[in-house]
Amino acid sequence: MIEVRIHGRGGQGNVVAAYLLATTAINEGWHAQAFPAFGAERRGAPVVAFVRINDAPIRRRCQVVSPDFLIIQDEALMNIPGITDGLKADGGILLNSAKHSDRYAGAINGRLVALPATQLAQQYLGRPVPNTALLSAFLKLTDLLPQPALIKSLEERFKGPVLEKNIALIEAAAATIPDNSWKMTVNA
Amino acid sequence: MRKALEGSQAIALTVALCRPQVVAAYPITPQTHIVENIAKLVANGKMDCELVSVESEFSAASLVLGAACAGSRTYTASASQGILLMSEVLYNIAGLRIPIVMTCANRAISAPLSIWNDQQDSMAVRDAGWIQLYCANNQEAVDTTIQAYRIAEATELPVMVCMDGFTLTHTLEPIDIPEQAVVDAYLPPFNFSRTLDPANPISIGTLVSPDHYPEARHSHHHALLAAADEIIAADADWQQLSGRAAGGLLSVSGPDDAQIGILTLGSIAGTLSAASDTYTDLPATLLINLRAYRPFPVDALRHACSGLTDLIVLERALSPGFGGIVSAEVHAALAGMPAVPHIHSFAVGLGGRDIPLEIYRTLHERIKVVEPQPFSIIDVEREKLPVEDHGIEAMETTT
Amino acid sequence: MSTNKQTITAAALVKLRKNQPRFEGIESGHRACLGCGEALAARLVTEAAGPDVMIANATGCLEVFTTPWPESAWRLPWMHSLFENTGAIASGMEAALKAQGKPTKVLAFGGDGGTFDIGFQALSGMLERGHNVLYVCFDNEAYMNTGIQRSSSTPHAAMTTTSPPGSDRMGKRHLKKDILSIVAAHHIPYAATTSVAYPSDLRKKIRRAMEIEGPTFIQIHSPCPLGWGHDGEYSIKVARLAVQTGLFPIIELERQEMIGSMPIRHPRPVTDYLALQGRFRHLFNKDDARAVEELAHIQALADHNIKHYNLCGEGMDSLDSDGADTVRRGGMRWA
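Protein chains in written order, with our numbering: chain Z, 119 to 306; chain F, 9 to 407; chain L, 56 to 390.
Hints should not be assumed to be uniformly reliable.
[Claimed, not checked] Here are some, though not all, of the chain L residues that point toward chain Z, as calculated from beta-carbon distances under 8 Å:
{"no.": "1", "residue": "86"}
{"no.": "2", "residue": "87"}
{"no.": "3", "residue": "88"}
{"no.": "4", "residue": "89"}
{"no.": "5", "residue": "120"}
{"no.": "6", "residue": "281"}
Hints listed in this document are in silico derivations from the structure and should not be mistaken for laboratory results. Beta carbons are placed, not taken as given, at the ideal position from N, Cα and C, and that holds for glycine.
Bound-form chain Z, shown alone:
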C-alpha cells in the first residue's frame, strides 16, 4: 500500500488534490481512499489530506502516520515543526517552491524535489492554485499512474477553458521532472 500525506493551506485545493489522486487511481482499477483531516476551515489555515492506494481493498480509516510521500503545497509550512514527521526513511517530499531542491538538503530526511507550482499555475491558469501541477509532477516522479489517467479525472471535475488550461499546466509541470526517480510499485 502507498500512503501519501498532502499538506497545504485552505484555498490551495488540498482536498481536491487528494480526491483527484485517489480518483485517478480508482479509474485505473486500483483501490484508493482519500480524506481530509478537518480543522476549522479558513482561507490560509493549514490543512492536511491523506491518500492511500492499494491493489486490495483498503479497510483502515485512521490518518496516515508513516507516509511514503509528502506533497507540501505551501513552502511556508516547512517552518511548522513536525510537518515531515513519520515520513519513511526512503520517502520523498515534493515541495511547492521556486527555490532549488538543494536549498533544503540536510534539513530533512528523505529525498526532496522542489517544483515552482504556484508560478506555473499563475502562468497557465492565471490563478495561484498549485495542486494540479504538483499532482502531475508527483505522478511523473513515482510513475504511479499514467498522465492520461490524470487528465481523465480532471475532465470529470472541470470543463471548458479551465480544463484546457489545467491540461496544459500538468503537461508543463511533468516536463520539468527529468525522470521517474521515485518509481514505486503498489503492493499490499
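Using the hints provided, position chains F and L relative to the given structure of chain Z.
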C-alpha cells in the same frame, strides 16, 4: 457503476434514485455536501422533487412529516446539534408511525463544541422509536439508504441511516451506484395507508387519554421488534438484485474458535479488520459489527457471542455519570446466557480523535488484567487532563 | 466682558482624532479569512460599544474564528450557546443584570443565518418582550461558516451551494428578506442598516443604540470574499457599491417611522456591483436570455429601493464629495 465518489456525493445520487418528492434541506457540518449535491441535481434537472431550504432542523423534520402525511416519499439529513434540535419532531414522527427516511451524519455534540465524528447524536435519540441502522463503509451507506425506504414503508416506522461524519461522508473511495431500473424494481411507489385525503378524511395526531396510551406504546414497541424480520428480508432481496449484502442485523468476521470478541458500530470496523490482519501475534479475535441498533438484535448477538470468554464493547459515545451506552445494552442482552463473556467497556475516538491501527493491540493488553475493566475512555491523554482529574483516570488504568 | 474661547484649527482636530485611543474589544490574531467583512464589522462595533457590555454570540464564522480553544480574541465577556437561541440567551442575560441592578449593556451577535432563519423565533420573542438588548446582525448573505449555503438573506439570483445555477435554475429564486421592516414591526425604538464601507456611520449608529433603553437592531452589510467570489482586498469597494446601487439601502427607523437615510447622489447601475462578484457570474452570460432578464429584475429591485426609501440626493452640496455620504436626519442636521 463503480466510480470514485465522495461519500456525501454517493448518498445524494442514491437519494435521487429513490425518487423522493419532497426534500428538506438545512445545512450542518458534516452533512452539508449531501444537501449541496442534491441541490445541484435539482438545479440541473436531474432530480425531480420539491427541495425546500428550511430555516432550521426543527423545520426540516416538521416539513418531511407534513409531506409524508400528505402522501409523499421524503428525505432529509442532519447531525449533532440538528438531531437534538429536531428531536421533539423525531419522537412525534415515530409515535405517529410515519414512514420517513433520514441520514444522520454522526457528529459529536456540544459542549464542548465539535464538528468531528462520534455517535453521541444518534445515541441520544435511540429511544425516539426510529429504526436505527449503522453503516461500516460508504457502499453500505448507499445500499442501506435504498433498503431504508423499503423497510420504512413496509413497517410504517421511520428509519435513521447513520454514517460516520467526515470519516465516511468526506472520504472518497470506489462506490458502486446502482442503476435506476434496479432501484425501481426494488422500491414500490410510495403508498402510505393513512395519507390525508378529502375523499376519505381521518385525523392524525390526536390527544390520547390514559385509556388508550399504553396500548399505543405497546404496538409501537412490538412493531419495532418485528421490524428485524423486514430488515433481514430487505437485505436478502437487495443481495439478489445487486449481488451485495449490507450486513443484515449484524456482521461477524474472524475465526469460529476465537475466544475474544470486539463489538463495534460504524466505520471503526474497517480499521479493526485491517489491524487484525496486521497484528498476527495477538490472539484470534471475532469482530462483530452491529448494523441494526434499533431494534436491538438480541438473538443474533447472543448467537455471535456464544463461545467467547471476553467481549470488548468499543463505542463512540457514553452516558456521563454512568458509562457505556452500548455496553449497558449488551450486558442486558447477554444476561442469562449459559456462559456470559466478561464484558469490557471502552469509548474511543470521541469528538473525532483519530483511531489508530494500534488501538487493536491496546485493547488486547487492557483486557489481560484478571478483573473485567470498568468503563473508560480508552484514548484519554493523561497529560491533557487538569491535575485534579488525574486521579480518576489513574483509577481506570491498571499500571 | 469676553470669554476666552479657544478655537481649534481643522488640522489640529484631524490630529486629535488620530491620536485618540480606540477601545479594542477584539484582539488581532483571530482566524478570519483575508478581507473578512464580518471581522471588520465586529471590531468597529465593539470599539464603539465600549467595555461595559456582555455579548451573546450565535454559532457562525465570527464565533468560530474568534475562539479557537484555548485562545480567544475577545476582550469582553462573551458567550456562545447554540445557533438558534441568541435572542433567548441575551434576554436571560438582560433579565439577570436588571435583577442585580447593573447597567452593563447586553449585545447579541448573529450572522444572517442565525438572525433571519434559525434564530428568528428567539429574536422575535426578545424584541416583542422589550428586552434592553442591542442585536447586531452581521449580514454576509448566506450560511458562510458551513460552506456558503443560502439563507433568506441571500439576494435574489445569487449563487450559493444550495441555490446553484443550472439548466433549471438561475441561483436563488426568492427575494432577500426585509428583516428591518419585520424587526421594526415589533415597535422597537431603533432599527438601522449600515455597512462596513461606512465605518463612521456604523460607529455612530452603535453609539446611538447603546444609549437607548429597550430593544435595538442594527444590520451590518459585511462582504464575505470567499462566499461572494472576490478577492479580500475588494471587500470595501464591493460593500460601497452595494449601497451606491441602491441594493442595500442605509436607513434608520424609530418605531417603524423612517427618520434617516444615506442619500445616493449618483446611483450606480447594479451591474457595477454584480460584475465584481463570482456569485453573480451566471448573470453575465449574454447568450442566456434568463441572465438578461434577471439583471433587469435586480435593477428593478434597486430602482424600487431608491424610490421607496427616497434615496436620491438633491443637487450639489458644498460639504459633499465622493465617499463623503452621510446620514441626514430631518433636514440638514448631521447624524
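So, going through the hints one by one against the coordinates:
1. Because the beta carbon of residue 86 (chain L) sits about 5 Å from the nearest beta carbon in chain Z, less than 8 Å, this interface hint is met.
2. A distance limit of 8 Å between C-beta atoms decides the matter here; for residue 87 (chain L) the minimum to chain Z is near 7 Å, and the interface restraint holds.
3. Residue-level restraint check for residue 88 (chain L) holds (minimum Cβ-Cβ distance to chain Z is 4 Å; threshold 8 Å).
4. Against a cut-off of 8 Å between C-beta atoms, the interface hint on residue 89 (chain L) holds, since the closest Cβ of chain Z lies about 6 Å away.
5. For residue 120 (chain L), the suggested interface contact is upheld, since its CB lies about 6 Å from the closest CB of chain Z, less than 8 Å.
6. Proximity of residue 281 (chain L) to chain Z holds as hinted, the smallest CB-CB distance being about 6 Å (cut-off 8 Å).
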